[in-house]
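There are 2 protein chains.
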Amino acid sequence: MMTASRTARERVRAELIREITDIARRHLSTEGAAGLSLRAVAREMGMVSSAIYRYFPTKDDLLTALIIDAYNAVGEAVEHADAGCAREDFIGRWMEMCRAIRAWALAHPHEYALIHGTPVPGYQAPDDTIDPASRDGIMFARLFTDAQAAGTIQLPGDTPVPAQFHGDAAALRETVFVGVPDEGILRGIHAWTWVYGAVNFELFGMYNNVITDRAATFEHGALSMAHYAGLR
Amino acid sequence: MMTASRTARERVRAELIREITDIARRHLSTEGAAGLSLRAVAREMGMVSSAIYRYFPTKDDLLTALIIDAYNAVGEAVEHADAGCAREDFIGRWMEMCRAIRAWALAHPHEYALIHGTPVPGYQAPDDTIDPASRDGIMFARLFTDAQAAGTIQLPGDTPVPAQFHGDAAALRETVFVGVPDEGILRGIHAWTWVYGAVNFELFGMYNNVITDRAATFEHGALSMAHYAGLR
DNA sequence: TGTCGTCAAGAGCAGTGCTCTCGTTTTTTG
DNA sequence: CAAAAAACGAGAGCACTGCTCTTGACGACA
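So the sequence lines, in the order shown, correspond to chains A and B. If you read the first sequence in numbering that gives the first Met the number 0, its first letter stands for residue 0, the second for the next number, and so on. If you read the second sequence in numbering that gives the first Met the number 0, its first letter stands for residue 0, the second for the next number, and so on.
There may be inaccurate statements among the hints.
[Said to hold, decoys possible] Below, a sample of chain B positions facing chain A; criterion: calculated Cβ distance under 7 Å: (1) 55; (2) 116; (3) 163; (4) 216; (5) 222.
[Stated by the list, open to error] Ranges of calculated distance between the beta carbons of each label pair, as one might list FRET restraints: (6) A:82 <-> B:178: 39 to 49 Å; (7) B:106 <-> A:214: 34 to 44 Å; (8) B:106 <-> A:129: 21 to 31 Å; (9) A:82 <-> B:166: 35 to 45 Å.
The set of hints was computed from the structure by calculation and includes no laboratory data. Note that beta-carbon positions come from the ideal geometry of N, C-alpha and C, so glycine has one too.
Kindly generate the complete structure, drawing on both the sequences and the hints.
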């Protein structure tokens, strides 16, 4: 009973769940989150609509699965981008991570909107989403940890870190931002904030009639944010 | 016929449109955009559901009205914040504008999500939204124009402005960023991007388990972004 | 006064999320 | 191995949505 060889029913159940999420993700990528319909998914699977509730008791549960997948996808993209860089090329690693996020968002706009757009009404993120949601942030933090260890973070110190942030910084230093001083952590978070702000603006049309070559502008912003955060 | 005294019918029509948007905005602020129902609004007005289509032929039209209102509200908040500052206190004006955006967003999360969250599926922003949508950006640009005229913008020049941005910069310089050099415009846009990125992160839960005192952290980020953009 | 456009109302259509019941099949238990 | 339990697909049904169409009344304007 504890063995890995599951019963036939469990196997087909897992396969059906996979198929449902795949179809749902395809619908999501064309119709958007609000246009996702359990009935339409069931129809495409040849099921009657009520049968799908055996696998996802609620539409929110299906959305949660898609959200987790999306977080993992962008997390993997960032991890892969980082892995392809020389360890000591901190600016290069930063830039590749930023590019990975932007590229993934442009390639999967609706999935990106699912995790960085408006939270769906009444939707409460379950605990299962916390870990996948922090994968990208952990990678950024690791970059700062490495840069700090190499002694290449240069902070201006022209804007005093608020005392209220000391506690958060201490907690973060114990887990992800190992050894990074308060100001480095805070500026890292601000730079990370900028990255998603820029992707949001580009994706949601805020740069219309303002910026023509978004890629070049993003490159400049990301690079200057790396400097802002003290990376050298 | 051209006088301001409209016919009785036109007056009651305008009044009804106002009442509908008011009720809709109230529903929006409690249920969120996707939970907004034309039928529920009609019900609350004592109308039959079909009657409401005389005033808003489609749900998107109602949403458009709310979106325009929201843009105008944040635009007014920014304008009011700026008006309360000494003209030569550029950092102070920048900070007050940032605070105004954040405060408005926290006070009206669903309306904020309407304009800075996921675009509703299939929704195409009509031209009526362009002007209200750019009010806040114009105020930020004006700040940089004033600072430039006062000669107080100090740019590091450590990150070369991409050539592809020259055209955009020239166009922007003719209208809103009068006299501001390319790098100033670009850094201003990046800083402005950060502001909304930070508000998004705070509002949509990205800072959960990361930042405790969001106000203090926002203050630090906004101030350091002012320096980043060259304001002194 | 009569015509024409505007209006509220009602019925109706197609679609949604979700629930409940009912046989059937599979798994687990005694 | 047989009986009890659990999981399953199908179908009907409920309450709700956006939106359309028709009908009859009312107000504006000639």
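Going through the hints against the structure:
Here the hint on residue 55 of chain B is broken, as its CB sits about 19 Å from the closest CB of chain A, past 7 Å. A cut of 7 Å between beta carbons decides the hint on residue 116 of chain B: the least distance to chain A is about 3 Å, and the hint holds. Taken as an interface hint, residue 163 of chain B checks out: its beta carbon lies about 4 Å from the nearest beta carbon of chain A, inside 7 Å. About 6 Å separates the beta-carbon of residue 216 of chain B from the nearest beta-carbon of chain A, less than 7 Å, and the hint is met.
Interface restraint check for residue 222 of chain B: the shortest CB-CB distance to chain A comes to about 5 Å, inside 7 Å, so the restraint holds. Checked against the hint of 39 to 49 Å, the pair residue 82 of chain A and residue 178 of chain B passes, with Cβ atoms roughly 45 Å apart. For residue 106 of chain B paired with residue 214 of chain A, a C-beta distance near 36 Å keeps the hint of 34 to 44 Å intact. At roughly 27 Å, the beta carbons of residue 106 of chain B and residue 129 of chain A sit within the given window of 21 to 31 Å.
For the pair residue 82 of chain A and residue 166 of chain B, the beta carbons lie near 37 Å from each other, so the given range of 35 to 45 Å is met.
Figure legend: structure checked against the earlier numbered hints; the only hint not met is number 1.
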